[in-house]
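Student: Protein chains in written order, with our numbering: chain A, 1 to 183; chain B, 1 to 252; chain C, 1 to 421.
Because the hints were derived from the structure by calculation, they are not lab data. Beta carbons are placed, not taken as given, at the ideal position from N, Cα and C, and that holds for glycine. One thing to keep in mind: the hints can contain errors.
[Stated by the list, open to error] DSS-like mimics (lysine-lysine), calculated; alpha carbons at most 27 Å apart, straight line:
| no. | chain 1 | residue 1 | chain 2 | residue 2 |
| --- | --- | --- | --- | --- |
| 1 | B | K35 | B | K223 |
| 2 | B | K155 | A | K55 |
| 3 | C | K400 | B | K119 |
| 4 | A | K181 | B | K82 |
| 5 | A | K76 | B | K155 |
| 6 | B | K26 | B | K155 |
| 7 | A | K55 | A | K160 |
| 8 | C | K346 | C | K400 |
[Stated by the list, open to error] Distance windows between CB atoms, simulated:
| no. | chain 1 | residue 1 | chain 2 | residue 2 | range |
| --- | --- | --- | --- | --- | --- |
| 9 | C | R192 | B | K228 | 35 to 45 Å |
| 10 | C | I255 | A | C126 | 53 to 63 Å |
| 11 | B | N79 | C | Y108 | 30 to 40 Å |
| 12 | A | P46 | C | L136 | 39 to 49 Å |
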Amino acid sequence: MIEQSMMQQPLDDGFPRRDFLFIATGTVAAAGTALAVWPLIHSMNPAADILAVSKTEVDLGPIEVGQRITVVWRGKPIFVDHRSPERIAQARADDKAELIDPQLDSERVQKDEWLIVIGICTHLGCIPLGQRTGDSRGDYGGWFCPCHGSHYDTSGRIRKGPAPKNLVIPPYTFTKNTTIKIG
Amino acid sequence: MQKKIFLSAFLALVLGSSAVYAESEKVPSLDWSFKGVFGTFDRGALKRGFQIYSEVCSACHSLRLLSYRNLKEIGFSKNEIKAIAAEKEVQDGPNDDGEMFMRPAKPADRFVSPYPNKKAAQAANNGALPPDLSLIVKARKGGADYIHALLTGYKDEPPKGFNLLEGSNYNIYFPGNQIAMPAPLSDDAVEYADGTKPTLDQLARDISTFLAWTSSPELEARKSMGIKVILFLLVLTGMLYALMKRIWAKLH
Amino acid sequence: MSHSTKEFSNPVIRWIEYRLPIFSFIDSSVGTGYPTPRNLNYWWNFGSLAGVVLVIMILTGVMLAANYTANVGYAFESVERIMRDVNYGWLLRYLHSNGSSMFFIIVYIHMFRGLYFGSYKAPRELLWILGVFIILAMMATAFMGYVLPWGQMSFWGATVITNLFSAIPLIGESIVTWLWGGFSVANPTLNRFFAWHYLLPFILFALVFIHLWALHVHKSNNPLGIDAKGAGDMIPFHPYYTIKDTFGMGVFMIIYLSFVFFAPDFFGEPDNYIKANPMVTPPEIVPEWYFLPFYAILRAITFNIFFIPAKLIGVIAMFSSILILLFLPWLDRCKVRSARFRPLYKQFFWIFVLDTLILGYVGANPPQGLFIPIGQAATAYYFAHFLIIIPLLGVLEKTKPLPESISAAVTESGTSGKENG
């Protein structure tokens, strides 16, 4: 059997630790490894076909005053509310009310008559009621989440119930007066 | 010495046996802009090739693995792509009434096929199925050279004694020499938007370049990354060699 | 497994070491505590290279699996999505497909090294046998992996090879139906091949671990084929062979990545870029290049022997051509290991290499004309090499005198003591 004692050890310590060539080679090799790992990590980021449908255009033209529609953006429901002047006034008045998540209505819309929110309750993720005629809108005229009883007002703000935050406003822009692009 | 003998024996066998059986005419090798270590796609050729696909090939051949948004690579703007896509319709739905409906294609949609399914394609072409062209350059031996040769290899009359079947066309490069597709291109078949003279050879080159791109859209990124990677590795391996010599010198 | 006698000064390392001796384990297996012959040449790099490629294949494979769908309606399309839409997807795919070819080139060279220098002889017979199990596992993995893109060659190659099992008498047809999960290669087949293709590399990993365990008992063979005797014959694996293996990996990466970036479809078949069509058979069905010699042996048997059909004999011959390697340590009785001191064996080794190349070339071509008798002669010679030539040489060959020791051979000429070839 071969024992360790049979080994001829190198003349010096063996491995030139502080040698410039060693450090330089080690650095270059480490850099190369990092560069090689990046494609593995980046391949998990959204692919081109996912990014292509990451924006949704919505034509607001057909939506009448007082009407609400639901569209899908990145797999999530988006509530588009064409608010009547009464609803807008109500939202403005509620600016002064005691709010769980204080925010002015004007901060939440780009055009007063169009309220656009992500239709996911900020408590535990259910989809609140209020989009269909006949749905309960809760005590504040906005939306009502049946899962644990969160009430949202006409600006989508949380007013009563366990939800901590107002309904989230998604990123959107008006590409025309009656068209928005979400995302 | 043994290695020399065995190597020459092997080579003799390989070279000698290529004469064992003959194939169709040998495909000429052309100079493509995308060939070689530094190859890139000529954007002008890609645009012209796309025009040929749209005006000629798309009548029968699908391009199902490409999306309209991919045309950004060729140099079309966002609005141009929207317009190109919107010329076609795709099925969507069901709507709130439970019905399927047609809508104009969007950039994110895949290229619309000329036929709804394979059987419809065969029915419209006397039983022959026009192949999808997304990968055609990688799916044929000879690649772009073969596609160009095929498109320019039609002969009006087969050679004497050749039995050309009904509905077939004679082509000197197609294996078996009988192809169901009639010659799709000829001089002036397309009027180029950029004014290039549309000879048969030019048309064949441009469509072959376009189809090489549809088969390998990653080609330019791949080659440019490759150059950087190989240069890096040459440096690193050189340093490793020097380090190895240094360490081994310590022996004895 | 031996433990090194190395003492560690760092308190954190000592704390861990006392509870789980991982550092002394590393030191005694690949570190300064592992003795290796001082005269190993570059043919000894291929083992570590194979290990590196296995890791690359598993890493790229897992990332591909994150995007692949093993269903006949989506398989081909999901691979094309990887190529076109997934970030760096084309790179992952080409690394994996070319890595497979590299893996086989490396392992074949590694095996030929073993044949030339007698690494399969006592006391390393089990090391060699484990190696045969590894190549078998690699072949099964590669075969199933090639089916996954669901191209024409994927489908028809799978059909031809799985159909071979029908040659087994009585139960053959049932076995094929059982393998397919149906009455032809279809979705059940694809799905299970994906599951097993994911599984087998980890079994391979375990086999490699045991293979290395066996290696570490008697340590590496060397180009002279003589045992280490005293001090001066061996040197520590680290730093000498760690740096040499790393340099070898650098050279390998240049070759490997040249294919990946500039000729990624060189080892492939154009027909596999056509989606599988069970109604259309391609003009030539060819397996991947690393299976070609075995394909040639399979097709060489065109005649029945008594009541045994040619197809069955072909299947038996094909599997035997690999399994015969298991018996090599006992077929070769020569006491001298290395071909450097066996002039006749050396000649026959190179003829054997030529024979395998001829078999590969025959396998690549349709079984017509001259290819048939050449393939049959090459097949007969393949078995004759193991069953006739090797045993005879073992008994009859007059070997050259061996050097005194490794260190004597190394220091005497100032080089590593190698002769021509």
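Student: Tell me, in ascending order, the numbers of any earlier hints that this structure violates.
Tutor: 2, 3, 5, 7, 11
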